[in-house]
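> Please build the complete structure, drawing on both the sequences and the hints.
Chains as they are written, first to last, in this note's numbering: chain Y, 1 to 549; chain L, 1001 to 1061.
What the hints contain is simulated information worked out from the structure, not anything from laboratory work. Treat the hints with caution; some may be incorrect.
Said to hold, decoys possible - Between beta-carbon pairs, the in silico distance windows are:
| no. | chain 1 | residue 1 | chain 2 | residue 2 | range |
| --- | --- | --- | --- | --- | --- |
| 1 | L | L1017 | Y | K221 | 44 to 50 Å |
| 2 | L | D1003 | Y | S375 | 43 to 49 Å |
| 3 | L | I1044 | Y | H528 | 19 to 25 Å |
| 4 | Y | A12 | L | V1045 | 40 to 46 Å |
| 5 | L | A1036 | Y | G150 | 26 to 32 Å |
| 6 | L | R1058 | Y | S487 | 38 to 44 Å |
| 7 | Y | L543 | L | A1036 | 29 to 35 Å |
Note that this is a predicted model, so its numbers are computed, not measured. Quick reminder that beta carbons are idealized off the backbone N, C-alpha and C, glycines included.
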Amino acid sequence: MTLASVDYLILAVYFAFVVSIGWLLRKRVSTSEDFLISGRSVPVWITSLAFVAANLGAQELIGMSACGAKYGIMTAHFYWVGAIPAMIFVGVFMMPFYYGSRARSVPEYLKLRFDEKTRGLNAITFATMTVFSSGISMYALGLLFQLVLGWSFTASVLLSAVIVLVYTFLGGLTSAIYNEVLQFCLIVLGFSPLAILAVAKAGGWHGMATRLPAVMTHSWKYMSKASENPMGVEVFGMVAGLGFVLSFGYWCTDFLVIQRAMAADSMSGARRTPLIAAFPKMVIPFIVIVPGIAAVALHNMHIGYSLPAKGNGYDYDQVLTTLMAKFYPSGMLGVGLTALMASFMSGMAGNVTAFNTVWTYDIYQSYIRRGAPDSHYLWVGRLTTVFGVALSIGTAYLANLYNNLMDLLQLVFGFVNAPLFATFLLGMFWRRATGHGAFSGLLAGTGAAALTHGLTMAEGKGGWLAHIHTFPSTMAQNFWVAIFAWSVCFLVTVIVSLLTKPRPQQELRNLVYGLTDKPQEESKSWHHRPGVLAVVVGVVCVLLNIWFW
Amino acid sequence: MWDLRTPSGCFFGLLGLILCAVGVFAPDLRAPLTEANVNLYTGIVMLLFGVVLLWLARRAA
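Structure, rendered in structure tokens:
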């Protein structure tokens, strides 16, 4: 694929705009809270789009279109079973505690609700994970641009990182959030024409259905047995593992997304952020997964498109870019690649801003230097931006050199994340839960995750302790590892809590259900009420599941 | 306080103009698998989107 000068012009215009948004916002930063949590002043439509965009990194786009080509419309379970119910839950039930507690971050909520050690554990693992995941996605982007455009790995990694650094350094979280909105619109406008063109060429949804195995165009029909679908997952593993444990664990506890909602200008805004975000989130499968499915149909039609080959199989990660090369002329091709770049930047800025806040408030201010004047923490926050980006770049190179190390790290992060939702659920809805309970639950849950992985095998992975069970796919293994981790964390937290001294109730005000005033429905009009929005989102989501049954 | 819709409107307006210009002055620029003038059509959509954002920002001010 070669780019014309107009494509470079479009890329340059985009870079100029994101940097100037940071420049325009620099005056709004005068305290550390302005820089790190946007001073809780962002309008709800902006936080909502940023909520989706921060998660919509380049890896999500590339990965989801690859899964679309590999597994078909079943991939949409990640959205319509996974993300949406969790987004409804966090908006309706959990946001009152996050926002109402006045915590500045998710680890800080854990400190207020439980104790210092629980916060420390969460803050340190989260900070490490964000740096690594932004480095890993930077690596993926550099590799893709090297492969597709022949750009040097170093040049694309450094260029994109420096631009993110400049606008985050200037305007802090506000700048990251505002740019995420621009990036989100660009992603949608840049990728939907591709979806429309590819699907039209493949003869519409029905045309695709006739050219593909039936399992690729039905999301639920082949889910009753793991052996009947290419994902190798059965209904229970899917709903409990992905739909409940993993998705709720991510959308309800990951500070990367929660931070966007917590930047909203009111409690009602914070609660509505994930709910309004659910609408664009539900539609994203149509612009990322469906083109992946269309690619397979086009491949089967033999009209000039073939899936990118790799060895004896296919390199599904390149589905999106090869489709672009076939459907976008110079000009639009520039927009498509800029959109890919934008998605990478929104994901990376999400990681960087979340890392900043957790590092500055939960690690530096708590363990390194307490009680300094606010200007000191603002300075630390800015410095952390530089430091965080530099660490990510380092990780990208590390990933380039030691691929297996990164796989191992991602596996370990998975073990740490899997039990988290049990801790938050008990923390928010059971006043008897104690800090010792939460801490030991988290450790036990992580241990259970590692143990499950060590005792089972799937596609040659796992089984490093013994081999007592075989899963049909690594995805099924992941889901079951999560289910065991969650259950063990839940049980251990309950048992240890009952054995330890509870905290006095007056200390738990605004932190636990039943000891917190019910949030007032501030406005009468329906689209301002979280409850009504939640019902509408839920109904649309159910209809989508039925439509693609 | 400035409105995000203004810079976004300018951005998409400008992008739309560039694409429309390419679509009009280089109409033969086509991708291998489609006969449509992709640049022109998406350019028009982006231009409209940009104009709507600018109009919304103006109305709110």
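> Do the beta carbons of I1044 (chain L) and H528 (chain Y) sit within 19 to 25 Å of each other?
Violated: the Cβ-Cβ distance is about 34 Å, outside 19 to 25 Å.
> Hint says 29 to 35 Å; check whether the CB-CB distance for L543 (chain Y) and A1036 (chain L) agrees.
31 Å, holds
> Within 43 to 49 Å: is that where the Cβ-Cβ distance between D1003 (chain L) and S375 (chain Y) falls?
29 Å, violated
> 44 to 50 Å was suggested as the range; check whether the CB atoms of L1017 (chain L) and K221 (chain Y) agree with it.
47 Å, holds
> Per the hint of 38 to 44 Å, is the separation of the Cβ atoms of R1058 (chain L) and S487 (chain Y) within bounds?
Given about 55 Å between the Cβ atoms, the range is violated.
> When you take the CB atoms of A12 (chain Y) and V1045 (chain L), is the distance between them in 40 to 46 Å?
22 Å, violated
> A range of 26 to 32 Å was offered for this pair. Does it hold for the Cβ distance of A1036 (chain L) and G150 (chain Y)?
Once the Cβ atoms are compared, 28 Å apart, the range 26 to 32 Å for G150 (chain Y) and A1036 (chain L) holds.
In the structure shown, a violation is registered for the earlier hints numbered 2, 3, 4 and 6, in ascending order.
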